[in-house]
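Chains as they are written, first to last, in the working numbering: chain A, 1 to 235; chain B, 1 to 92.
Simulated from the structure, these hints should not be mistaken for laboratory data. Incorrect hints may have been included.
[Claimed, not checked] The list that follows gives simulated cross-link-like pairs (lysine-lysine, DSS-like), each with its CA atoms no further than 27 Å apart:
#, chain 1, residue 1, chain 2, residue 2
1, A, Lys-187, B, Lys-62
2, A, Lys-187, B, Lys-4
3, B, Lys-74, A, Lys-187
4, B, Lys-51, A, Lys-187
5, A, Lys-12, A, Lys-127
6, B, Lys-39, B, Lys-62
7, B, Lys-4, A, Lys-160
8, B, Lys-65, A, Lys-160
[Stated by the list, open to error] Label-pair ranges, simulated between beta-carbon atoms:
#, chain 1, residue 1, chain 2, residue 2, range
9, B, Asn-63, A, Arg-91, 47 to 57 Å
10, B, Glu-68, A, Pro-163, 47 to 57 Å
11, B, Thr-35, A, Asp-49, 56 to 66 Å
[Claimed, not checked] Which chain B residues stay away from chain A? Per the calculated CB distances, all over 10 Å, these:
#, residue
12, Met-1
13, Thr-2
14, Arg-10
15, Thr-30
16, Thr-34
17, Tyr-44
18, Ala-45
19, Asp-79
20, Asp-81
21, Val-89
All C-beta atoms in this analysis are idealised placements derived from N, C-alpha and C, irrespective of residue type, glycine included.
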Amino acid sequence: MSFGEEGQERLKRAHIFIAGAGGIGSPVSLYLAVAGVGTITIVDMDVVDQTNLNRQILHFDRDIGRKKTASAEEKLQEINPDITVNAFDVRIDETNAADMVGGADGIVDAMDNYPTRYLLNDIAISKEIPFFHGGIRGFYGQATTIIPGTTPCLKCIFPKAPPDEVFPVVGVTPGLIGMVQATEVLKYLLGIGDLLTGRLFIWDGLHAQADEIRVERNQGCEACGGIITPERKGK
Amino acid sequence: MTVKIRFFARFRELLGTDIVTDVVVGMRFTSLITTIAKKNPEGYAAIFDEKGAFREFVILMKNGKRIEIADAAKIPVEDGDEIAVFPPVAGG
C-alpha cells in the first residue's frame, strides 16, 4: 500500500461523484475504484453505442444497447467488490444535481458540455467541495482543480461556453486527462502534494506538449464572485 | 519589438503556434491577433465573428494573465509579450 494504512482508510471513507460514464468517466471511475475510493457515485443517461467503444473503456462490445450506468456499475463492482457504487441513470439538471451529489467529498467533471459543467460548478461552490475539471477535443485536453472560495471557478476561467459541435475524439486523450483528474482526486483525499489549483493544464497530444496557464479568480464572477476566501473569513 | 503568439486546440490546428512576429510600438491586442488570424480564413472565422469581434468564448492571455475581450482593442502589446489564444474544449 503506497499511502500506508491510514491513507487507504481515508480513501475507503471517501465518496466521489463522477458526472458522466463516457470517455473521461470510464478511466477516472476505474482507477478510483481500484485505488479503493470507498463510495463512487456515477451518473449517465446514455445507452452504450458501438461508436463509444474506442474510448469508453468501461463498456464492452457485449454492452452495446445497455444503459451505461448498468454497464458501469457491473464493471466497477467486478474490479473492486469492496467498494460501494451508486449509478444513476438520469440527465443531470437543476432539480436533481444537489441531491445526487449528496455528501460527496468532490465532483469529477466527466461531462461533454458546458451548461452541465456550470451547474456542477455551482453545486461544488454551494457545497464547498472541490470540482475536478477536465475537457478534451481530439488530441487536445485541459484540466484544473477548483477549490471553491480559494481558486478560480470554472466560470472565472471560462465565462462563456463554446458552441456545440461534434468533435473528433481519440481514446487516449480522455485517458490522459482522466488520469490527471484521478491523480488530483487521490492527492486531495490523501492531503498530499500540490494540487492543480490556479493553473490550467493544457495537453497537446499531437505535438506531445504540456503547458500550463496561470488562472485567477474573477472577483465579479457570477458563480463565485461573492465568496470570501477562507483566509479572510475570520477577519 | 517582437511578441510570441501561442494558439491552442482548434486554433492551433488552423493557425499554427509559437508565432514570433515583429510589431510596431502601440499595436493593440485585437489588431495583432486579427492580422495573424487572417492568414487562414478558417482560423480567422474560428476566433472572430462576422463583425470582426472576438467570439465570446475565446480566452485571451497576456503573459499568463487574462485579458477581457472587451478590453483587447484598447490594450497595447509590449516587447517580449507572450500571448495565448484558446477556446475551452468541451468533450468528455
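For the pair supplied as a hint, B:Lys-51 and A:Lys-187, confirm whether the alpha-carbon distance does not exceed 27 Å. 46 Å, violated
Beyond 10 Å from chain A, beta-carbon-wise, is B:Arg-10? For B:Arg-10, whose nearest Cβ neighbour in chain A is about 7 Å away, the distance does not exceed 10 Å, so it is violated.
For the pair supplied as a hint, A:Lys-187 and B:Lys-4, is the alpha-carbon distance within the 27 Å limit? Given that 27 Å is the threshold and the Cα spacing comes to 35 Å, the pair is violated.
Next pair to validate is A:Lys-12 with A:Lys-127; report whether the Cα-Cα distance is within 27 Å. 21 Å, holds
Could you check that no beta carbon of chain A comes within 10 Å of the beta carbon of B:Tyr-44? Per Cβ check, B:Tyr-44 is outside 10 Å of chain A; nearest 16 Å; holds.
Verify this label for me: B:Thr-34 is non-interface relative to chain A, using a Cβ-Cβ cutoff of 10 Å. 20 Å, holds
So if I understand the rule, the pair passes when the alpha-carbon distance is 27 Å or less; does A:Lys-187 with B:Lys-62 pass? Since the Cα atoms of A:Lys-187 and B:Lys-62 sit roughly 31 Å apart, the hinted pair is violated (cutoff 27 Å).
Pairwise beta carbon distance, B:Asn-63 to A:Arg-91, judged against the given window 47 to 57 Å: With Cβ atoms ~41 Å apart, the hint is violated.
Is the straight-line distance between the alpha-carbon of B:Lys-65 and that of A:Lys-160 27 Å or less? This hinted pair holds, its Cα atoms lying about 18 Å apart.
Given the hint of 47 to 57 Å, check if B:Glu-68 and A:Pro-163 actually sit that far apart at their C-beta atoms. Hint violated: Cβ distance 20 Å, outside 47 to 57 Å.
Taking 10 Å as the cut and beta carbons as the points, is B:Ala-45 off the interface with chain A? Check passes; 12 Å lies beyond 10 Å.
Given the hint that B:Lys-74 pairs with A:Lys-187, test it: the Cα-Cα distance must not exceed 27 Å. 42 Å, violated
Of the numbered hints listed earlier, those contradicted by the structure are 1, 2, 3, 4, 9, 10, 11, 14 and 21.
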